[in-house]
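Undergrad: Here is what each chain is made of, one letter per residue.
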Amino acid sequence: MESNSDIVLRVENLSVSFDKETILDNISFAVNKNDAVAIIGPNGAGKTVLFRALLGLVPYRGSIVWESGVRIGYVPQKFSVHHEVPMTVKEFFLLQRRNFWYPDKETLNHLNHELALVGLSESILQRPIVELSGGQLQRILVAWAMLNHPDVLLFDEPTSGIDVGAEETIYHLIHKLQDERGVTILLISHDLNIIYRHVKRVICINKEMKCHGAPRDVLNPQDLASLYGEGAYYHHLEK
Amino acid sequence: MESTLLQALFVAASVGIASGSIGAFVVLEHLALAGDALSHVALPGIALAIAYGIDPFFGALVFLVIASFVVWYLRTKTNLPTDALIGILFTASLAVGILTIPDYEIIESLFGGFPELPPLFLVFIVALATGFAFLTFLFAKQFAFRNISRELAQASGIGERYELLLLVLFAVVVALGIKLVGTLLMGALVIIPALVARNLTRSMRGYIVVSTVFGGLIAVFAVFVANIYHFLPGPTIVLFGIGCFAISLLFRKN
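Chains as they are written, first to last, in the numbering used here: chain A, 1 to 239; chain B, 1001 to 1254.
Mixed in with the good hints, there may be bad ones.
[As the list claims (entries may be wrong)] Heads up, simulated EDC-like pairs for lysine to aspartate or glutamate below, C-alpha to C-alpha not over 20 Å straight-line:
#, chain 1, residue 1, chain 2, residue 2
1, B, 1077, B, 1160
2, A, 20, A, 179
3, A, 78, B, 1151
4, A, 200, A, 6
5, A, 33, A, 67
6, A, 176, A, 157
7, B, 1253, A, 21
8, A, 207, A, 25
9, B, 1077, B, 1029
10, B, 1077, A, 21
11, A, 78, B, 1083
12, A, 207, A, 19
13, A, 200, A, 217
14, B, 1077, A, 19
15, A, 176, A, 114
16, A, 33, A, 179
17, A, 200, A, 35
18, B, 1253, A, 131
These are calculated hints, taken from the structure and not from any lab test.
Whole structure, please, built from the sequences with the hints as guidance.
TA: The following block contains the structure:
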C-alpha cells in the first residue's frame, strides 16, 4: 500500500454520461508519481472521455483529485488544423506563453531546447503548422505538452497515424521523459506489444473498470477476452 | 479639406482597422456569413431609435450586442442548426427594419453615407473603434488558441467566454461602421481585409497585422474615391476591397 504522498491522481467512482447514455461507469484507480500507466480498452470504451474528464473538459460524477499544484500536459488523439489557418509552429508554442506578440530571447531558447528533446531542429519553428507531416506534428504536440514542464503527461494514442519508425521514437521519448524529468505518464494505447515493453501498470476499461495491475498479470487471455471479446485480442498481439 | 470628408476619413481609418483586426478572427471562425446576417439585426434597433428620437447608432449597438449573445448561445450551448436559425432570425430583422424605418432613412441605414457628426460624437466613435482594435490585439492569443484547438484551449483555461468576447467586439465594430458603410455592407468591410491578408501571409501574427492595415487602407482610399466621384462610401469600400482581394490572389502564398 503506497503512502498518500506518492499518489499524484486519485479517481473514485467516476461516471460520465452524455444525453443519458453512460460512457463511463464507476471507475476508480490511483496513479503514483513517476508511474507509466496504460489505459486500454476497445474502441468506444470511453478511454478518451476518461482523459477529458481528468482534464475537466466534460462534466462528471464522482471524484477526481490531483495532487495540489500539479501541472498537466496533454497530447490529444485528434489534432487537425484547418488548411486555411495561418499559424507557424513557433506561434503554436507561443499560445502557451504570456507574450504572444514579442517573445523574449529566453522563451525562444526554451523552445529550441524542447524541440531538441523530440528530435526536431529549430528550422521547423518558421514552418506553417498545416504543412507538417503526421510524425512531425506528433512530435510537435509532445514538445508542446512538455513546454511548461508538466508533472503529468496525458498521452492519447500516441501511435495513431504514424509509421512504425516514428512510433518507436515516440516510445523512446516517453521513456526519456520519465527517466530525465520524472514525468508521470498516462497513456491510452491499443498496442499490447508496446504496453508490455513500456509501462509498469495497465488499467483496462470498457465503460466500467475491467482490470488493473502489472501488464504480465493483467494481459492474460482471460482478461483480454473479457475486455475485447473472444478472439479479438489476438489481433492486438499480432500488430 | 471639407469637414464631412475629414470626418469620413477619421471614421473610415478607425473603423477600418477595427474591422480588419476583428475580421481576421471572424473569418477563421467561419462566421463570415453568420456575421453578415448579424449586421442586419441593427435595422430594427435603428427604427426604434429613430422612433424615440435617439441617435440610430445606439439602437443598432444595443440590438447587435444582444444578437451576438444569441449567436454565442446557439453555437456553444445548443445542438440546434445554428446557421439556419441565424439566417432566419436575422433575415426577419431585415424585413422588420425595412418596414419600420422611415423612407428617408432607409438608404442611409442600408448603405451608409458621409456622416455628419457632432465633434464629440466623432471623437467617441474614433476612440471606441481604435480601442476595440487594440482589444482585439490584446486577446489575439486567446482567440487564435480557441480557433486552432478548442480542446487544448479549454484545458489551458481559455474557455467559451472568449468566443462571446469575439462576437461582442464584432457586434460593436459593426455598429460603429454603420453610419459610414451601412448595415447591408458592413459585414463585407469586416470580411474582405482578412481574406486579402490570408492570401498574403503564412503566420498568425502577420495575418492579423496585414488584415488590420488593409482594413484601414481600403476604407480610407475608398472614401477618397467616393468623395471625388460623389459615390456612396459603403459600396465604394466594398468594391475597392474586392478589387484588392482579386489582386491578392495573384500573390497567394501556398
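Undergrad: Hint check: residue 200 (chain A) vs residue 35 (chain A), CA-CA at most 20 Å. Holds or violated?
TA: 7 Å, holds
Undergrad: Given the hinted pair residue 1077 (chain B) and residue 1160 (chain B), is their Cα-Cα distance within 20 Å?
TA: Within the cut-off at roughly 10 Å; holds.
Undergrad: Would you check the hint for residue 176 (chain A) and residue 114 (chain A), treating anything up to 20 Å between C-alpha atoms as holding?
TA: The given pair, whose Cα atoms are some 13 Å apart, holds under the 20 Å limit.
Undergrad: Regarding the pair residue 78 (chain A) and residue 1083 (chain B), is the alpha-carbon distance no greater than 20 Å?
TA: Roughly 25 Å separates the two Cα atoms, so the pair is violated.
Undergrad: Taken at face value, is the distance from the CA of residue 19 (chain A) to the CA of residue 207 (chain A) at most 20 Å?
TA: Holds, at about 15 Å.
Undergrad: Please work out if residue 1077 (chain B) and residue 1029 (chain B) have their alpha carbons no farther apart than 20 Å.
TA: 17 Å, holds
Undergrad: Keeping to a limit of 20 Å between CA atoms, is the pair of residue 207 (chain A) and residue 25 (chain A) held or broken?
TA: 6 Å, holds
Undergrad: Holds or violated: residue 33 (chain A) and residue 67 (chain A), Cα atoms, limit 20 Å.
TA: 10 Å, holds
Undergrad: Checking one constraint from the list: CA of residue 1077 (chain B) to CA of residue 21 (chain A), max 20 Å. Satisfied?
TA: Holds: residue 1077 (chain B) and residue 21 (chain A) sit about 19 Å apart, inside 20 Å.
Undergrad: Against the 20 Å threshold, does the CA-CA distance of residue 20 (chain A) and residue 179 (chain A) hold or violate the hint?
TA: 43 Å, violated
Undergrad: For the pair we were handed, residue 1077 (chain B) and residue 19 (chain A), check the Cα-Cα distance against 20 Å.
TA: 14 Å, holds
Undergrad: Residue 200 (chain A) and residue 6 (chain A) were given as a pair; does the straight-line alpha-carbon distance stay at or below 20 Å?
TA: OK: residue 200 (chain A) and residue 6 (chain A) at ~15 Å, within 20 Å.
In this structure, the earlier hints numbered 2, 7, 11 are contradicted, and the remaining ones agree with it.
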